[in-house]
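According to mature numbering (1 follows the signal peptide of the UniProt record, and there is no 0), the residues represented by the sequence shown are -21 to -1, 1 to 307, in order.
In case anyone wonders, no lab produced these hints; they're calculated from the structure. Idealized CB from N, CA, C, for every residue including glycine. There's no promise every hint is true.
Think about it this way: if two alpha-carbon atoms lie no more than 27 Å apart in a straight line, the pair counts; the simulated DSSO-like pairs of lysine-lysine are [claimed, not checked]:
#, residue 1, residue 2
1, K173, K9
2, K303, K293
3, K173, K128
4, K197, K293
Simulated DEER-style distance windows between Cβ atoms [said to hold, decoys possible]:
#, residue 1, residue 2, range
5, N180, G284, 19 to 27 Å
6, W35, A244, 20 to 28 Å
7, L181, A304, 38 to 46 Å
8, R248, S275, 16 to 24 Å
9, P194, E240, 23 to 31 Å
10, Q98, T272, 26 to 34 Å
11, G11, P186, 40 to 48 Å
12, T39, E155, 35 to 43 Å
13, P234, G36, 27 to 35 Å
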Amino acid sequence: MVRLVALTAFALALFAAPSFAGNVGFMEVKIGNGTEPPLTVGIWYPTNAPAIVHSWGNNTQRVAENALIEGHDLPLIVMSHGGGGWYDSHYDTALALAHAGFVAAAVSHAGDTFDDQTQVLQLWRRPIQLRRLVDYMLAEWLGRNHLDKARIGAFGFSNGGFTVLVAAGGVPNLSEMAPYCRAHPDHDLCQALKTAGVDLNLSVSVPANAWGPDPRIKAVVIAAPAFGFTFGRAGLRGVRVPVQLWRAADDQHQPNPYYEEAVHANLPRSPEYHVVANAGHYDFLPPCDARLTRKSPALCASGPGFDRSGFHEKFNAEVVRFFKAELR
């Protein structure tokens, strides 16, 4: 029996991670977004074209820019960054997925990026934009015929974790923010809202279609989900897909137990749950080089003795393993 299980696992691994492509291709595209300006998207995918080192933003990546895609029936992972990020915020995870035979597509969430925070609290915009990304990848992307439309997953961090929870069927209650901040005025979220002059006692007008799930998404990875306390058991009862959930044990930005633990406790189906010892909130972002560390020390600084590079090797491997298992 042990031998049979091992052989079966080996066969599934071969199926889920084809070995036809040796490199990663990359392209940036603009996609339509209704009456608003186009969304910017980064796409990583398997290719056999030669790869060289390119620089995007604050990162360098070895990719083949605008190369031909290799393979067929490839699973798709759509990615949602945290507040103030952009599509490249989790480039190392996207690279790991593409090396494993996935297509990874990440959207810069208009109104909640490093250069545009004008609509950061209009949280309902994010799931709509993620849904638009799936639409584009399946119907408009030039590599759409290489995709398996039945194997789609989603990855999200912080505000992106909130976004992916909604895409998986979660329905938040944003009116929970007011009592939360009355009880915890010292928490980072509440301090930020106070500084921004947000009156939490005012009713929030949320569009009717804001919290609709995307049934095309079959599995999700969620790291440090923002606003976890706004869902509750009733708000998460519609999440039926497999979930891999991550918490940084020393997260000072999203203090325990109001975020990940609130999600963990209320999901109808127990997630695969990882608590990362000694990690802080921003340790889910890729390791920083010296220049970015000087520019954004708050995002780049890890706690004493925490090896962000070593953690990301394990983190990315676990993300790939989970999606291989759940999207086979």
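Going down the list of hints, with the structure as the test:
no. : hint                    : in the structure
1   : K173 x K9               : 35 Å, violated
2   : K303 x K293             : 15 Å, holds
3   : K173 x K128             : 43 Å, violated
4   : K197 x K293             : 23 Å, holds
5   : N180 x G284: 19 to 27 Å : 43 Å, violated
6   : W35 x A244: 20 to 28 Å  : 38 Å, violated
7   : L181 x A304: 38 to 46 Å : 44 Å, holds
8   : R248 x S275: 16 to 24 Å : 37 Å, violated
9   : P194 x E240: 23 to 31 Å : 27 Å, holds
10  : Q98 x T272: 26 to 34 Å  : 29 Å, holds
11  : G11 x P186: 40 to 48 Å  : 18 Å, violated
12  : T39 x E155: 35 to 43 Å  : 41 Å, holds
13  : P234 x G36: 27 to 35 Å  : 30 Å, holds
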